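So the sequence lines, in the order shown, correspond to chains D and L.
Quick note, this note's numbering runs 1 ahead of the 1-based positions in the first sequence.
Quick note, this note's numbering runs 378 ahead of the 1-based positions in the second sequence.
Treat the hints with caution; some may be incorrect.
Computed list of lysine-lysine pairs in DSSO-like fashion (alpha-carbon distance at most 27 angstroms, straight line) [what the hints assert, rightly or not]:
1) Lys50(D) to Lys61(D)
2) Lys50(D) to Lys69(D)
3) Lys404(L) to Lys50(D)
4) Lys57(D) to Lys404(L)
5) Lys404(L) to Lys61(D)
6) Lys57(D) to Lys108(D)
7) Lys69(D) to Lys57(D)
8) Lys78(D) to Lys50(D)
9) Lys53(D) to Lys404(L)
10) Lys78(D) to Lys108(D)
11) Lys78(D) to Lys61(D)
12) Lys57(D) to Lys78(D)
Honestly, the hints are just simulated from the structure, not real lab data.
Please read all numbers here as calculations on a predicted model, not as lab measurements.
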Amino acid sequence: GDSVTQMEGPVTLSEEAFLTINCTYTATGYPSLFWYVQYPGEGLQLLLKATKADDKGSNKGFEATYRKETTSFHLEKGSVQVSDSAVYFCALSGTYKYIFGTGTRLKVLA
Amino acid sequence: DAGVTQSPTHLIKTRGQQVTLRCSPKSGHDTVSWYQQALGQGPQFIFQYYEEEERQRGNFPDRFSGHQFPNYSSELNVNALLLGDSALYLCASSLIAGLMGGTDTQYFGPGTRLTVL
Chain D
2 GDSVTQMEGP VTLSEEAFLT INCTYTATGY PSLFWYVQYP GEGLQLLLKA TKADDKGSNK
62 GFEATYRKET TSFHLEKGSV QVSDSAVYFC ALSGTYKYIF GTGTRLKVLA
Chain L
379 DAGVTQSPTH LIKTRGQQVT LRCSPKSGHD TVSWYQQALG QGPQFIFQYY EEEERQRGNF
439 PDRFSGHQFP NYSSELNVNA LLLGDSALYL CASSLIAGLM GGTDTQYFGP GTRLTVL
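All chains, please: the whole structure from these sequences, using the hints.
Structure, rendered in structure tokens:
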């Protein structure tokens with residue numbers, strides 16, 4: 002069945018460092034891909050999405066490119082801030098449901 | 379524009395009890411999905427409602443049931459609570475995207491934290 006695999010966390014970075022969080026997927030068909038962010042004690046917020054191969058989603062300095070050939074959707078940001086500390090979830094759209102990875106916790110130190 | 383709202387925020391129940399969680403979708407959305415997020419895990423799909431009918435169900439027992447009202451709001455009911463039902467319950471709303479399945483982007487509410495003692 003469809004699945005999403007994310008890199009294990011936690012990821013600890015200094016402020017202004019470059020961020021990469023790896024995400025790969027297995028799916029039949031051509032799903033849309035998403036990154037959601039969850040701050041402590043809150044629900045999920047949509048960060049960015051891409052609906053077809055080679056699309057690049059971007060928001061708030063974060064970006065990810067839908068790579069069909071490598072079945073990947075890695076999240077990147079050039080310069081992280083303390084306020085980016087959160088848990089990041091990669092997800093794909095199934096026929097009705099979304100399938101999520103286990104999440105990657107990011108901690109940014111000042 | 380109000381986003382997805384859920385109530386209550388927190389709930390504490392004991393084993394064997396029943397609970398009802400509520401969700402109001404984002405304005406203009408017609409589809410509601412429910413997810414369970416255990417501590418340290420990603421959300422797991424429970425079921426989805428459209429036009430007051432359950433469209434699809436995830437791998438959850440019949441103790442989990444739902445309802446969608448004509449105004450598109452929804453309830454999640456869990457009977458005979460177990461300790462393992464302790465989790466964050468997330469509601470997501472979206473627009474239907476064709477009758478053969480699929481929805482537009484799902485937007486999540488803040489969740490209801492259920493603790494079963």
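Consistency of the hints with the structure:
1. Of the pairs offered as hints, the one joining Lys50(D) and Lys61(D) holds, with about 13 angstroms between alpha carbons and a cut-off of 27 angstroms not exceeded.
2. Of the pairs offered as hints, the one joining Lys50(D) and Lys69(D) holds, with about 14 angstroms between alpha carbons and a cut-off of 27 angstroms not exceeded.
3. Only pairs whose Cα atoms come within 27 angstroms are accepted, and Lys404(L) paired with Lys50(D) is accepted, the gap being roughly 19 angstroms.
4. In summary, the hint linking Lys57(D) to Lys404(L) is supported, as the alpha carbons are separated by about 26 angstroms, within the 27 angstroms threshold.
5. A distance of roughly 22 angstroms separates the Cα atoms of Lys404(L) and Lys61(D); the hinted pair therefore holds under the 27 angstroms criterion.
6. The straight-line distance between the Cα atoms of Lys57(D) and Lys108(D) is roughly 25 angstroms, inside the 27 angstroms bound, and the hint therefore holds.
7. Using a Cα cut-off of 27 angstroms, the hinted pair Lys69(D) and Lys57(D) holds, with the two alpha carbons roughly 12 angstroms apart.
8. Distance restraint check for Lys78(D) and Lys50(D): the Cα-Cα separation of roughly 15 angstroms lies within the 27 angstroms cut-off, and the hinted pair is therefore satisfied.
9. A C-alpha spacing of about 25 angstroms is found between Lys53(D) and Lys404(L), which places the hinted pair at or below 27 angstroms, so the restraint holds.
10. For the given pair, Lys78(D) sits about 14 angstroms from Lys108(D) by alpha-carbon distance, which is consistent with the 27 angstroms threshold.
11. Taking the CA atoms of Lys78(D) and Lys61(D), the gap is near 9 angstroms; set against the 27 angstroms cutoff, the hint holds.
12. Only pairs whose Cα atoms come within 27 angstroms are accepted, and Lys57(D) paired with Lys78(D) is accepted, the gap being roughly 13 angstroms.
Taken one by one, the earlier hints all hold for this structure without exception.
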